[in-house]
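Q: This is what each chain is made of:
There are 2 protein chains.
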Amino acid sequence: MPVSLNKSSRTQPFSLKRYLNIRSKKINAALNRYLPKSSTKPKTLHESMRYSVFAGGKRLRPILCMAAAEACGGKADDSLAFGAAVECIHTYSLIHDDLPALDNDDYRRGNKTNHIVFGQGIAVLAGDALLTLAFELANKAPANTRYKSTHFISEIAKTAGHSQLIAGQVADLEGEGKSVSKSQLKYIHERKTSALLTCAVKLGGMAANCTPRQLEALTEFGYNVGLAFQVIDDILDVTQTSKKLGKTAGKDEAAQKATYPSVVGLDNARKIATKLTTKAYDALKPFKGRAIALEAMADYLLKRDH
Amino acid sequence: MPVSLNKSSRTQPFSLKRYLNIRSKKINAALNRYLPKSSTKPKTLHESMRYSVFAGGKRLRPILCMAAAEACGGKADDSLAFGAAVECIHTYSLIHDDLPALDNDDYRRGNKTNHIVFGQGIAVLAGDALLTLAFELANKAPANTRYKSTHFISEIAKTAGHSQLIAGQVADLEGEGKSVSKSQLKYIHERKTSALLTCAVKLGGMAANCTPRQLEALTEFGYNVGLAFQVIDDILDVTQTSKKLGKTAGKDEAAQKATYPSVVGLDNARKIATKLTTKAYDALKPFKGRAIALEAMADYLLKRDH
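Quick note, the sequences are listed as chains B and W, same order.
In this text, residue positions in the first sequence follow the numbering used here: the first is 314, and each later residue adds one.
In this text, residue positions in the second sequence follow the numbering used here: the first is 314, and each later residue adds one.
With the rest of the complex left out, here is chain B:
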């Protein structure tokens, strides 16, 4: 039974847990259809792509994409390919980021990283293939919307490109071991994390033929919830155990990486995360209660402990 988002027709309170469960099954099934089969040549590459895509990600970005589509009165299904594209970009960036030449991570979400399992050569190529696949998936606009495929591709290319996602990675790489100011840290987090979350909700809205005003609201929401998400990640890296996180805790500090707690202190970092979440919440006002899933997700992301 699909989750009803129309307040008037809801017979029971909105359950985020149930919503996330249903939506993540939907996106997992879609990714399974979109990803090349492991049985087809080149097998190693396809296995490697699938290994990281199905390594236990929470599907936060594609679910935000679907929730944005629903907030705009559209169907989650119309946004699936775009959510999948964003997940491919996210996964590719993790695979490349984990390489020894970059973050040098052996574990991710409790599993061995791609290059540990498949070797660095295949890991580089699997990342490349996922990035390329994202553009293939996003290359078809739903019928009868004011947004054409060129708008979707442009949004993804700009977000994933040299001035956003990759700029964030570069600044992160170059900032290691150096004293980083709060504004520099914000620059990194905006690009490494916030940009792709913003892209996810924008694409969802566009797939649902959102109005320019709605697109603006989603952009504001995505930016703030994305930045909050990363500030909370920084906090959890300090306060939680590796087991809880599914990755090495305290890694940022060990790698001498700047984080919000290290730059502004733990208490201030918590205050910033709350403030950003409030801003994200406020951005949803124009949806007049239709953005219930987005609201619930912002709240959940703030309060999560892993």
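The set of hints was computed from the structure by calculation and includes no laboratory data.
There may be inaccurate statements among the hints.
Note that the list lumps identical chains together, so a pair holds whenever it fits in one copy or between two copies.
Cut-off 16 Å, straight-line C-alpha distance, at most; resulting in silico cross-link-like pairs (EDC-like, lysine to aspartate or glutamate) [unchecked claim]:
no., residue 1, residue 2
1, K354, E487
2, K371, D546
3, K616, D546
4, K499, E487
5, K356, E487
6, K354, E503
7, K453, D391
8, K339, D391
9, K601, E529
No experiment lies behind these values; they were computed from the predicted model shown.
Put chain W on the given structure of chain B with help from the hints.
A: Below, chain W alone, put in the same frame as chain B:
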């Protein structure tokens, strides 16, 4: 003065040297406009992207793209963004291919490879950024053609993706040191080289609003000239010096890589290259003499000594 391609109005014989010179200047100027400036943040990334894009490439792919547009009665300028996109894909694939985990090359076209100059981390990211930029560049179809931006993006995504360009890299990587059959070698060369050359001429034709029949002819031409190009590369690796090639000669043999000379013998490899070039030539018949630049380039590629 632009090179005239209309036989009747030509006052002097077609000079390929002059054509290549004028066209490569045009594409270099376009790439300079399209690539992010080295003076903008993140500088290291932008410098790294530019370093490899402007490392002395012959611009074969974008020039083929322009020549295909002209053969279809279009303007070279309409195909520039697509030629540049293909060159970005080509450059990204070289940067990643040169990494220690893949081909481990220190020199390319007589210059140090990207990771030697900028480090592996930045080299991975510069490749990623160029791949992403390619989709941004190719995301606008010329006005009034039967081909929309979605057709251009689809062509590039399929060519650069897991079943073509990257499949070729994987097969190449996995074939090292193993006995490779002629059909396996053809599989690699089709994907690593021929696919992107085919893509270049197809995009050029599409930018010039080519007919389906012309697109078919360009596909046939691209496939054969692309495969011939790689067979000749294999031959030159055996027969020429490093100085002449601008890269380490005999490297394929040293890396125990299968090549046409090693699999079918040098004489047979030469015969195959000639046969493929003839096929490429024959594919151009529907253009009735308008594809003079493409013809001359096929001939030049066969006879080149570096």
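Q: None of the hints should be skipped; say for each whether it holds.
A: Hints, one by one, checked against the model:
no.	hint	in the structure
1	K354 <-> E487	between (38 Å within a copy, 12 Å between copies)
2	K371 <-> D546	within (14 Å within a copy, 46 Å between copies)
3	K616 <-> D546	within (11 Å within a copy, 59 Å between copies)
4	K499 <-> E487	within (15 Å within a copy, 42 Å between copies)
5	K356 <-> E487	between (35 Å within a copy, 11 Å between copies)
6	K354 <-> E503	between (38 Å within a copy, 14 Å between copies)
7	K453 <-> D391	within (11 Å within a copy, 23 Å between copies)
8	K339 <-> D391	within (12 Å within a copy, 42 Å between copies)
9	K601 <-> E529	within (15 Å within a copy, 53 Å between copies)
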